[in-house]
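**Student:** Protein chains in written order, with the numbering used here: chain B, 1 to 162; chain C, 1001 to 1162; chain P, 2001 to 2162; chain G, 3001 to 3162; chain Z, 4001 to 4162; chain E, 5001 to 5162; chain U, 6001 to 6162; chain D, 7001 to 7162.
Derived from the structure by calculation, the hints contain no laboratory data. Be careful, since some hints might not be right.
Below are the PhoX-like pairs computed for lysine-lysine, each with C-alpha atoms no more than 20 Å apart in a straight line [unchecked claim]:
1. U:K6036 <-> U:K6020
2. C:K1092 <-> D:K7092
3. Z:K4036 <-> Z:K4052
4. U:K6092 <-> B:K20
5. D:K7092 <-> G:K3092
6. P:K2052 <-> G:K3052
7. E:K5020 <-> E:K5036
8. Z:K4036 <-> B:K92
9. B:K92 <-> P:K2020
10. D:K7092 <-> E:K5020
11. P:K2092 <-> U:K6052
12. E:K5092 <-> C:K1092
13. D:K7036 <-> C:K1092
14. G:K3092 <-> E:K5092
15. B:K52 <-> C:K1052
16. Z:K4020 <-> Z:K4036
17. Z:K4052 <-> E:K5052
18. U:K6052 <-> D:K7052
19. G:K3020 <-> G:K3036
20. P:K2036 <-> P:K2020
21. E:K5092 <-> G:K3020
22. C:K1020 <-> G:K3092
23. C:K1036 <-> C:K1020
24. B:K92 <-> P:K2092
25. Z:K4092 <-> U:K6092
26. Z:K4020 <-> P:K2092
27. E:K5052 <-> E:K5036
28. C:K1092 <-> G:K3092
29. U:K6092 <-> B:K92
30. P:K2092 <-> Z:K4092
31. U:K6036 <-> U:K6052
32. D:K7036 <-> E:K5092
33. B:K52 <-> B:K36
34. D:K7020 <-> D:K7036
35. G:K3036 <-> G:K3052
36. C:K1036 <-> C:K1052
37. U:K6020 <-> Z:K4092
8 protein chains.
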Amino acid sequence: MTQIEVGIIMGSQSDWPTMKEATEMLDALGVPYETKIVSAHRTPDRLWDYGKTAASRGLKVIIAGAGGAAHLPGMMASKTRVPVIGVPVQTKALSGVDSLYSILQMPRGFPVATMAIGAAGAANAGLMAAGILATSDPALATRLDAWREALSASIAEEPVDD
Amino acid sequence: MTQIEVGIIMGSQSDWPTMKEATEMLDALGVPYETKIVSAHRTPDRLWDYGKTAASRGLKVIIAGAGGAAHLPGMMASKTRVPVIGVPVQTKALSGVDSLYSILQMPRGFPVATMAIGAAGAANAGLMAAGILATSDPALATRLDAWREALSASIAEEPVDD
Amino acid sequence: MTQIEVGIIMGSQSDWPTMKEATEMLDALGVPYETKIVSAHRTPDRLWDYGKTAASRGLKVIIAGAGGAAHLPGMMASKTRVPVIGVPVQTKALSGVDSLYSILQMPRGFPVATMAIGAAGAANAGLMAAGILATSDPALATRLDAWREALSASIAEEPVDD
Amino acid sequence: MTQIEVGIIMGSQSDWPTMKEATEMLDALGVPYETKIVSAHRTPDRLWDYGKTAASRGLKVIIAGAGGAAHLPGMMASKTRVPVIGVPVQTKALSGVDSLYSILQMPRGFPVATMAIGAAGAANAGLMAAGILATSDPALATRLDAWREALSASIAEEPVDD
Amino acid sequence: MTQIEVGIIMGSQSDWPTMKEATEMLDALGVPYETKIVSAHRTPDRLWDYGKTAASRGLKVIIAGAGGAAHLPGMMASKTRVPVIGVPVQTKALSGVDSLYSILQMPRGFPVATMAIGAAGAANAGLMAAGILATSDPALATRLDAWREALSASIAEEPVDD
Amino acid sequence: MTQIEVGIIMGSQSDWPTMKEATEMLDALGVPYETKIVSAHRTPDRLWDYGKTAASRGLKVIIAGAGGAAHLPGMMASKTRVPVIGVPVQTKALSGVDSLYSILQMPRGFPVATMAIGAAGAANAGLMAAGILATSDPALATRLDAWREALSASIAEEPVDD
Amino acid sequence: MTQIEVGIIMGSQSDWPTMKEATEMLDALGVPYETKIVSAHRTPDRLWDYGKTAASRGLKVIIAGAGGAAHLPGMMASKTRVPVIGVPVQTKALSGVDSLYSILQMPRGFPVATMAIGAAGAANAGLMAAGILATSDPALATRLDAWREALSASIAEEPVDD
Amino acid sequence: MTQIEVGIIMGSQSDWPTMKEATEMLDALGVPYETKIVSAHRTPDRLWDYGKTAASRGLKVIIAGAGGAAHLPGMMASKTRVPVIGVPVQTKALSGVDSLYSILQMPRGFPVATMAIGAAGAANAGLMAAGILATSDPALATRLDAWREALSASIAEEPVDD
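Using the sequences and the hints, build the whole thing.
**Tutor:** See below:
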């Protein structure tokens, strides 16, 4: 069985439509992953356990998405040295700026690799996770290069009306 | 010995000049308290222990101050039913708006009683703690009323040049 | 008859869909309450009377919701030592940031326990009120603990597609 | 004795350096005024009395300056039909945007004529008060026209180095 | 024929749904007015003429609404001593914060009495205009007092479900 | 005598330290210019005249700097087809975001070529003016290319401690 | 064949509905142009080539629209002395403020003539391009003057209900 | 000689005081690195070369700091699959929010791992780089764990006056 090296966690079921974009990117690149709901506030012990065992379970990257007072990515970064990629989920009143600041503004000692707000950020979290793994996985590096070249090649020369 | 019912915690020594205002207010009102550094990210286990024992140790209110991606108040609210009052400490780049959003925008289930950004908020956290205790301590309620009356009485009728 | 210890006030009928969330939380926790429209600007005398009699009528917590230049929570805090929880109602042009600043940024002397913008904030106001009452009501503390445990237990391990 | 038609009120002695600019403008235009500290939160009864007697005392304009959760202008507008001009005093953390939103975003029924944040706004409050009085005081209208012409005439044609 | 003392101008036909609220308020208070489209950028000469003749035509208040880089209120204030009330019309990308800053932040010498963003601000502009006229029109003052009392009296004691 | 093709105008003497950067850039590129104080609010007729005669006087670009409710660039764009470059001058309370929105958010029909807030924006206004003139002045184009190459060549390979 | 002097480029097909407004304005003024998709991130070499050949191909103005971390306008300005007009495309989470800051805040040396956010900005980009070309094309200047006069003439005197 | 796996690049010498924090963190963890000035706008070809050779030169992480319209991190991400960590340098007018949005809001396909604004973000960029390398370097992982434990152990139990 392939070792799972990417953990995708989110604060709530309601974050799934956003975070699913990360899984689709990893699927496209052939990177296995697991998906879990880990609520910093509602299931803090789950967060603790996840963080404490992340490295020993073989995880190499954790993608964490949350909205509002989004403590999940930063608290996870506090519990493990495994790199944490944070995805600020868009929110109703503040458009995800609350999520962004809660994830981004970490104090010295606990970086969170913050992505753009919302779906594009989640997709990019998948790509960043792949990029990190590719630093020690030449085959994945090759697949990532190919994906990037295909993206460039897909851009039309001129805009067209619908 | 008097039971300590108010815990004042902060994420870092650097928050102390702000949070000291809460202690001064509690001193003025004759409310005993303890002060601790509890960093959500650097000492998460300390946060865990503090939260898990807060109610059984007899704490009735927790004042938590932090800056930036300020997870301490919300994570404490996740660990204990004791009411948590949050103080957003002012920050360099974002003036404490990052602290504010990280503390305020808690999801359903885990309220944090958020105060104004900075020193005025810390002082008010002390007053809010006293107000909460006063709901079941008539002597404190009387002292609080007196403090409020003295504040009103101290206001001059007209502004004066320095 | 049970003493009503929580007063829920709001600036306008239009705040009711938001503030109703506070009542539902209090219903779930078995905490009796009253609901009133008290407009700081349109019915200032009503605000005055409510504030002046709040403590003597036995109120122990006031939840105040308002939008825009939201003066109700702060003015109520000026009139009574009973703790005031403020709920910033979301607004059309400024998404409730105007409500938030008007409620949060109180000067030294008059704290308002500010909640998140909108419906989640209103629900949390109910929980915060219960938490305050629970500091001197062991039975309510037990119910609150149970509610919190049930919330944690309700979280699925993994996200699912709709 | 000349009837005083302009009342200048402010929430705190600390607002005086800002609000003094309004008095200087009124001095320049020969408009008598009174200055008072009226704190919405610390002296609410003073606010009540001021508002209730404003019209009968012969006031025709009220200039109200305040900072942070600045409730003074709006609450005064709630208590009297005399036009209220609001001056958002600059604040430390939020640069007066909190003051601005608390003053500006009044609900239907209670306008506050909001000026620019800080000292320029206070000076302009004096001018606006004069402009309002000038609608029924031709001599003042003439003085105001002259002041405006002098201002225009004072502008150099070209910028110069210091 | 009654002298028209209130001019309502707006930068574009698209501002009319907002600005109409001002006319409805003035209708309710029995204050005659005129409505014009005066675009600061598209019809600058119309702006010039309106401003230069405003006082001599007998106007006592000008209500000016505009959106985006909203120069109409401030430019009108530059051309006439007649008090100008500014209404920031809500915009698509920036929710009217652009309109607000363009209207509010006038330099020393040219105050614009700025109202809340959008429809409530337009309605309040009508009320503010009436309040200004009422300083020298006792009959209007009486009608305004009655309108205010009716507003207060219309507020229900308790919120109701729809 | 060389025809002056660039007019640099500013709302106030206080804008000069910022706007001087534009002149220094034009000096470096050998482009003659004139500098004038033209206040949209204090000297509207000067603005009118400047705009009406700009094209006929041979101006090909106008650089306009202003702060706060910065109407000068947009009003100038309303009066002349000569391209207007706007420089938002930094302000005390709002850091120039007020200036920016007042200059940038022009309605369809009256573009203002907006530069960065403050001194860098003023310098770039000079460069943009030169770039516009260079579209029909090959010698200037050559000088501009050289200036750009020199800038690139001046960048050290590695950062150094002071 | 007419020399094409205006290049309209955009980061993505999704920017086309916005950028089309620029083409419509140029069509109205009889200015030929080309439209291309040039993605700063997906097709950086295309950006390089476009920039390097812009001047020699005879382009006199480049209009560049992009959203989010909008690097296209600024990177193009880095590659060519041809004036670049930037259009911040409105975005979902941040309403185009991200696009705006990414385009506007260019360092000394590389101005981008930034337009308003969204469709009005794109239309104005077309007008600004025409205005730049008109500095050395009297016939276009005449057409531009006529267009501006027609715009002014189209404004009704009074607003009307729909 | 040890292979250098971390490249630290910045847009300007003026970014060095901020970016130096990244080097200090890497020094503390025994991770070799190189430091270069690579200006996206002033030295685009340098950026191109750096990006094109990054992977083949053996770089595994790139830390890129820039301020204002900060295009360096995102453009580097466009040129190489090597993970890019972005540091938003604080700016004068907009406090680094312009830098942040320019770095963070990357489109699908080109993630930048964004850190907090300013010095804390630069230090954390060093830690994140180490964390990424540690995913395939057990000795570094051990050093990183030790550094984290030492940080936690350094936190005093209680705050102290200076």
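**Student:** Keeping to a limit of 20 Å between CA atoms, is the pair of K1092 (chain C) and K7092 (chain D) held or broken?
**Tutor:** holds (12 Å)
**Student:** Has the given pair, K52 (chain B) with K1052 (chain C), been kept, meaning a C-alpha gap of at most 20 Å?
**Tutor:** holds (19 Å)
**Student:** Holds or violated: K5020 (chain E) and K5036 (chain E), Cα atoms, limit 20 Å.
**Tutor:** Distance of about 12 Å is within 20 Å: holds.
**Student:** Taking 20 Å as the top limit, are the C-alpha atoms of K4020 (chain Z) and K4036 (chain Z) close enough?
**Tutor:** holds (11 Å)
**Student:** Taking only the CA atoms, is the gap from K7092 (chain D) to K3092 (chain G) under or equal to 20 Å?
**Tutor:** holds (17 Å)
**Student:** Decide if the proposed pair is consistent with the structure: K2092 (chain P) and K6052 (chain U), CA atoms, cutoff 20 Å inclusive.
**Tutor:** violated (47 Å)
**Student:** When you check the alpha-carbon spacing of K4020 (chain Z) and K2092 (chain P), does it fall within 20 Å?
**Tutor:** holds (18 Å)
**Student:** Given the hinted pair K1036 (chain C) and K1020 (chain C), is their alpha-carbon gap at most 20 Å?
**Tutor:** holds (11 Å)
**Student:** Does K3092 (chain G) sit within 20 Å of K1092 (chain C), going by the straight-line distance between their CA atoms?
**Tutor:** holds (12 Å)
**Student:** So if I understand the rule, the pair passes when the alpha-carbon distance is 20 Å or less; does K5052 (chain E) with K5036 (chain E) pass?
**Tutor:** holds (15 Å)
**Student:** Can you confirm whether the C-alpha distance between K2092 (chain P) and K4092 (chain Z) stays at or below 20 Å?
**Tutor:** Holds: K2092 (chain P) and K4092 (chain Z) sit about 12 Å apart, inside 20 Å.
**Student:** With a cut-off of 20 Å on the C-alpha distance, tell me whether K4036 (chain Z) and K92 (chain B) pass.
**Tutor:** This hinted pair is violated, its Cα atoms lying about 38 Å apart.
When the structure is compared with the earlier hints, violations turn up for hints 8, 11, 13 and 32 and for no others.
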